[in-house]
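Protein chains in written order, with our numbering: chain A, 4 to 297; chain B, 4 to 297.
Calculated directly from the structure, the hints in this document are not laboratory data.
Just to be clear, a hint being listed does not mean it is correct.
[Claimed, not checked] So the derived list for chain A, only partly shown, Cβ under 8 angstroms to chain B, looks like this:
| hint | residue |
| --- | --- |
| 1 | W130 |
| 2 | D131 |
| 3 | Q134 |
| 4 | Y136 |
| 5 | E166 |
| 6 | R169 |
| 7 | P192 |
| 8 | N270 |
| 9 | R280 |
From a predicted model like this one, the values you see are computed outputs, not experimental measurements.
Even glycine gets a Cβ: it sits at the ideal position worked out from N, Cα and C.
There are 2 protein chains.
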Amino acid sequence: MIDMHSPEGSALKIACIQMEPHVGDLEGNLATSVRLIETAAQQGARLIVLPELTSSGYVFENREEAVSLAEEIPNGPAVAEWIAVARRLDVHIVAGVAESDGPFLYNTAVLVGPEGFVGKYRKLHLWDIEQMYFTPGNLGVPVFETPYGRIGLIICYDGWFPESYRLCALQGADLVCVPTNWVPMPEQPTGREAMATILTMAAAQTNSIFIACADRVGIERGQEFIGQSVVVGCNGWPIVGPASHVDEAIIYADIDLSEARTKRNLNEFNQLLSDRRDDVYGGLVTIARGRSFF
Amino acid sequence: MIDMHSPEGSALKIACIQMEPHVGDLEGNLATSVRLIETAAQQGARLIVLPELTSSGYVFENREEAVSLAEEIPNGPAVAEWIAVARRLDVHIVAGVAESDGPFLYNTAVLVGPEGFVGKYRKLHLWDIEQMYFTPGNLGVPVFETPYGRIGLIICYDGWFPESYRLCALQGADLVCVPTNWVPMPEQPTGREAMATILTMAAAQTNSIFIACADRVGIERGQEFIGQSVVVGCNGWPIVGPASHVDEAIIYADIDLSEARTKRNLNEFNQLLSDRRDDVYGGLVTIARGRSFF
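For reference, chain A alone in the conformation it holds in the complex:
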């Protein structure tokens, strides 16, 4: 495993754990996640981000298999274990988990900490065959208060919708954590940064927020994942990463989330979030509903 570190010396050390879950191996995936969380905590990380669907794996054969790998939140085995680990190590953890709620399955991210369960987010924009198994998220885009700052959660394909990050920022998020299972995008040129990296940088810049993306690696039932976990600063530029395309890794960034608030001014006149023209954008919804293009 190759670890990457950002310059030392700031208020909060974040770790993104880039690991390879194996679909169906709930116990093995959970054990791996705990081992890597312990490693990150030993390195001083206080906020640790894991990939999308860390405990279950990603490529389900059918809905039955997805159901068998899902759990209730917060009492299911993976989230309960992450809560226990967060208490023991005095850290916050963000992780992806298949959530069952009655007959419904959600692609969910949880935030847990030393005090226990903090909150969860259900993926709004489902990618590809996820639509066969999961119900689209119904909790909006919540932002949670933590001792380090305000944290929003989104998952993978949500990042292709600028509104996801905007909703976090407008609720005051300083950091958005992104558990993800990025796959190769159509028409990605070789030798260029992944479109996922481009979109993350654009979102960090346009919202003046930090963004921490923890991706998985490996090939699962023929589906390739692209790694390249990254932490981007509130100026839009990567602090650490992108990590390897293929290897497990932990990337560390020392950041001060308050910079998301204090460094927003671009010059004497401009601040990106207050420069928004809501008087004009208010029409977004109306326009979308009033036309038949899409």
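Chain A is already provided as a structure; the job is to place chain B on it using the hints.
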């Protein structure tokens, strides 16, 4: 001047003219623009994009100077000349111009064609000391029908607001033309693509639209501009450019705007514009007005 060409063979040749206007030299700037439009048309370009404030230059000393360099639209000298040139050469032209309308000044982009004046857009998001001279735009983000497809217009700092492009896309825009005067952004690392390029790529990908940015070059009254004009495809990747940081240039791209409609499907399940969750985003305005963060 260094010209750059994309692969040949598609339906519409676009040209972005990267030139250096000189503040106050209305006649000289207009003459330069016409000369370069003629060159682009000789190369086969049918849609030609010029920078922001092509005729006036950018760095005004005071409001009085800005007023003296502004004109009424469409009867002022620069727009009237571009209309005449568009008729003569059978091309469409997008260009930036300082617009006077009674006591108000706007930072405006016009679209003209062989049939005359098509429409205009007034910059919504004013950058830095533009706020001393210009009134913020009040025409929303209009999208115009042309023989080649639907064209939206935005200007420079508008591109830092994902909503600008979103408004174009939701009205069916296939292409957004961006007359711009990009300046160096705070904290831009050397050796990386400009944040302007990153944001353009992200907007093209997330909206499945073509984007054609024509920047200026040069240093005007101490203000540096960064060039790097670019045409980005509806898959988010540059077709031609970014052009030079410092030299005048014309970049050409052969594109088929209908691809913005036919190539939107990412896979069997996903299409970026129809995957939007307006049921959730509807809260954007409410959230922005209900909180006091910004």
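Evaluation of the provided hints:
Taking 8 angstroms as the C-beta contact cut-off toward chain B, the hint placing W130 (chain A) at the interface holds, the least distance being around 6 angstroms. Given the 8 angstroms rule on beta carbons, the hint for D131 (chain A) holds: about 5 angstroms separates it from the nearest Cβ of chain B. Interface restraint check: Q134 (chain A) against chain B, minimum CB-CB distance 5 angstroms, threshold 8 angstroms, status holds. This hint is violated: Y136 (chain A) has a C-beta 12 angstroms from the nearest C-beta of chain B, more than the 8 angstroms allowed.
Annotation: E166 (chain A) was flagged as interfacial toward chain B, and the flag holds, the nearest CB pair being 4 angstroms apart, inside 8 angstroms. For R169 (chain A), the shortest C-beta to C-beta distance to chain B is roughly 6 angstroms, which falls under 8 angstroms, so the interface hint holds. The beta carbon of P192 (chain A) comes within 6 angstroms of a beta carbon in chain B, closer than 8 angstroms, and the hint placing it at the interface holds. Taking 8 angstroms as the C-beta cut-off, the interface hint given for N270 (chain A) holds, the closest approach to chain B being about 5 angstroms.
Satisfaction of the interface hint for R280 (chain A) is found here, the shortest Cβ-Cβ separation to chain B being roughly 5 angstroms, below the 8 angstroms cut-off.
Of the numbered hints given earlier, the model fails hint 4 alone.
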